[in-house]
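Given two chains presented individually in distinct reference frames, assemble the corresponding complex, making use of the accompanying hints.
Just so you know, the protein sequences line up as chains L and C, in that order.
Quick note: the first sequence, position 25, residue 25 per our numbering, numbers continuous.
Quick note: the second sequence, position 264, residue 264 per our numbering, numbers continuous.
Source of the hints: derived by calculation from the structure; they are not laboratory data.
We put the beta carbon where it would ideally sit given N, CA and C, even for glycine.
One or more hints might be untrue.
Unchecked claim - Some chain C residues near chain L, calculated using beta-carbon distances under 8 Å:
1. Gly132
2. Gly260
3. Val304
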Amino acid sequence: MPNNWFKKKFLRWELFLVALLLLEVTVFGTLNPKFLKPRVLLGSINDFMSICVIALFVTFVLITGGMDIQAGSIVGLTSISIGLMWQDLGMNIWVAAVLSIIIGALCGALSGFFVAYTGVQPMVVTLGGSFLYSGLAIAVTNLSATESYKGISGFPSYFTSFSKYRLFGIPSQVIIFVVLIVISYLLLHKTKYGRSIFLCGVNQNAAEYSGIKTKLIIMSTYVLSGMSASIAGIILTSYLGTAKADFGKELTLPIITAVVLGGTSNLGGRGSVIGTALAALVIGIMRFGLSMAGLNTQYLDIPVGILLIAAVACRTAFGHYKFFSLFRNRLPKQKNK
Amino acid sequence: MSNLKKILKSREISSLAFVVFLFLGVGAVNPEFLSVKNIMLCLNGSVVFTMLAVGIAFVIITGEIDVSVGATLGLSAAVSATLIRDGASWVLAISAALAVGLVIGLINGLGVVVLKIPSIIMTLGVNGVVRGLCYVYTNGKWVENLPFEFKALSQATVGNMTWFYLCALVLTIVIYVLLTRTKRGRYFAAVGDNEGGATLIGIPVGTTRILGFVLCAVFSAVAGLMYVSRIGFVTPTAGNGYEMKAIAACVLGGVSLAGGIGSVIGAALGAIIMASIGRILVFLQFSSDLDNTITGILLITIVVVDALLQHRAVEKARRERLTAKTAGSVNTEGGGQHA
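With the rest of the complex left out, here is chain C (with noise of 0.2 Å):
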């Protein structure tokens, strides 16, 4: 098969397919929608899903499951916050914040392949724990009153496009090649999609797994950072309920949950049509309420239309294999083919 044809079937197209045609779709309705300046909005807007997302595919791809970024990110932006308002220096508070990131993933990472705790539920918990830990931390008040030049640092742009959004490119893009073509960077879609036989060809999973939970965990934190320059306050409930969307926004961007199958590109992908779905909603006069219902029908569309999708192959492919037995060629391209 040809190089071509190999991209244009991989995921990462569909779901940019998808983003484009999206946009495309509501520009026929409201042409003031493909303006630059908007779609430079609906990029920037995203690039703290983006970062969350990027972190969760990490989990993802390793076939678990991390549900407690919401809250890390709350609590690294909240002692970020309070480190920046209080006058310490910058980079403290980055480290403190990117700390906060690695205790927490050290933590699930930890209780997951250690403890062999199911992830859904070690997540759950540490979610739990560190939210309560945001409202112990900031003793349930706001986080206010930020110097001035820290908040600049989100307005920065280089044409259209924010310093932090194309940061966050840069950093997908390089993700997504450590990812695909280097050896370590595989490790992680290996014991996803298969952690029997990556035990038996000596890749470290229990490593793998762990780095998963940290790098997640380590993003959530810069998510947080980029969330309180963006903001200009913190809350005890900051980034409440963000895990879900992040979640939804690596399923949108073609990241199967069952583990092994997705890249970062796709999260990063789908975190731009988690974010856009508000303004998309405001452009066609609907109102803004009908987020979440969007948002829900547009996942639980995509999922199953994949899902059938997928189908369809798996039962083509053996068909072909069937027809290409009793046909008596033996075919070795045919099947084995994952969608």
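For reference, chain L alone in the conformation it holds in the complex (with noise of 0.2 Å):
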């Protein structure tokens, strides 16, 4: 039925992200016309660019049925790292980076193996984890020469300057958070290993018995969102220009909320990419445009918070994902099986 292939396509969960986007747009380039020049909005991105990158992964997470609440920690033990491995150790900048999503790896490849293989609530390994990591790097502060309140400056220029590049006019973060979509849309709904990622937040059970490590699928993911905790962490320390254990600390609401934005559920087996990447823009332009238009960047905890619980609290009353089932169902002939 065209009528259904019309509903299945656009209305969707995605459109409503969309059109949330849009409204921000329009609203806040009313309040502040500065808003709209394409330097501005297209560079706001740096401001939320770590949300970004690691709610991209953390969606891999929560559809295994998973949680990781300890993304934030690794940003910060990926930014001292790398500012410790380049001014204690003298290593090459570039080299640094690497080791340090080396590192990223090795966090979320603990956490994952004792969620996979031990069976402990995700919760609570990440919240051990996010003690952890935000520990160790403290603790890596102190091997370094310089006191931990100042952090580690003076790189590069052209570390620090990577991501301040604009090709075209498009900055340099655009294009990363575009590879990284598209990376993890490939990596997500066109192959074997992401089939397997949603059939393991479907039915684990299923899921093994019909040959699926997924043991080893459920602690990839969390290797995967270590990385990406990672690669926020390096473009944070060359946009800020310095390292400092305590970056990340309050990342934690805004990538769960941009990864249950985006239509993931929290019990495993559902979401997507493109509505993970959506929400967070949503929660960015919305931090961004408010505080452009003046509010105190410290009560922007306040309309993401809501944000969050209505969406939520939207898609379990009118039907998970489809927002517009709540207009269907006003319709008498279209009545559900």
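See the structure below:
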């Protein structure tokens, strides 16, 4: 039925997010016309790049039915390790960056191993992980010669400039984000690996019996989220020109909000990369726009929190994912079976 | 099985044993740690975490989670502190703090039970909102210059123990008895252990959950009051991250996040561990910066060991059942034990 096809194709959660995004841009644009300049609008991503990058891959974790609240602390650990390896060990900054991605992967692997192979709730393991990695970040800082509150700075300009570089007016961070969206989209929605992630979330036993190494798959999602946290840490260090242990401390709320707002169920088995990316933009633009409109940055958690609760309440009330079934139910002849 | 054996196998005893061994272990390295004065300092210092952990245990035992207690503590502390600073009566200040807790708890509970929002999401959102309200309410400034009398409350002692900790201790024991010996108290564990079963036998699951959230937030408000009195000033970030420490305390004390397993005594013991780690590190002559690292390692080790032991116990029970069946004698007692 063409009508059904239309609904399936367009009346989806993602469409709602796009509408929300356009609404935000219009509202903030009228509040402050400067906001609509492409340079400002595209450049705004610099403020919430970490949320975007990490949320993409935390989506994987949530789809397997897991939970990841440690990603924020890995950002800080990455940042300070880069600084330490560059300043105190005298490494090339790019080598340090690559090593720090490996560190992030190891952090993810450790937590992922415990989640997958011992059956402890992911929330507990990643809670422990968040303590451990933020603690390690501070411990690492103490190894270095600089005081922890100052952070390590003075990086070479080729490192600090790559995150501010513009290709034909498009900031490099936008390009990185798009590339990561494409990678994660292909990985999650177009490969066998992606299908097995979904199956793990729907029914782990069934997945196991159909020959999928579910434990390895689950562990790998944490590795991916750890690596994405490291990438966010590298970009943040480069953009701010400082390496500090407490970067990413406040990221847990926005990351989980982005993933859940994007249509991923925290019970697993459902979700999409595109939804997460759009939701991350919705949150980021909202934070950016509100602070541009003159709201104190410390108040920004209020709208984000309300948005999270309202979005999930809508979705649970009107049937998962199909926001528009609200309207469908009003039409008498289209009764649900 | 005899009562004694049952008691020895309970999770609270293993938590208590862990605390005792931890303290003895540190004492072996540095005997000063075991002085009465120092142990009392450890206990007294854990009072805020004890209240938070006991409160959050209500929620965790019903199988939900609450990550908004840190912000609740912050807001109730800010509200009561400003009232006391501006010369309002203490009764008003205390009731205002409790009211803050009550409202936040109700919002959490109704959101989870009525709107059916997963508790982690609901309370994460509420945490952000309440933390923001803290900034709005305090205008980003510190609340200082509290009257001396209010600060002196936290210093009042009986023996070496502060009145605060004594109250918390008595309260914990009373709640433990209520939760394990009364019908309504048992509802909490029943809901957390098996929601479907609880519904079928007529337990008001929703009401119990809401009550859990309300009690949790009210306890956080009490913790906020104690925080104000102990610290003597309130920053807009007061209690930031305490929610994670309170959950960690519960987990250390043997409260399972799966629901239905654990008790408030365990949570209180876990709070002692959480609050003492910094002090222990100092006595072992490590930097107290390692606080978080040790907490993380401890947390992961304990839950993993616990999970492995439980797994083994279940396997063993199953094997016993199998051998009992093959031997032809039906053993009614062997299996079904939750470790």
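Structure-based check of each hint:
Taken as an interface hint, Gly132/C checks out: its beta carbon lies about 3 Å from the nearest beta carbon of chain L, inside 8 Å. At a threshold of 8 Å, the smallest CB-CB gap from Gly260/C to chain L is about 13 Å, leaving the interface hint violated. At its closest, the beta carbon of Val304/C sits 5 Å from a beta carbon of chain L; the interface hint therefore holds under the 8 Å criterion.
When held up to the earlier numbered hints, the structure conflicts with hint 2 and nothing else.
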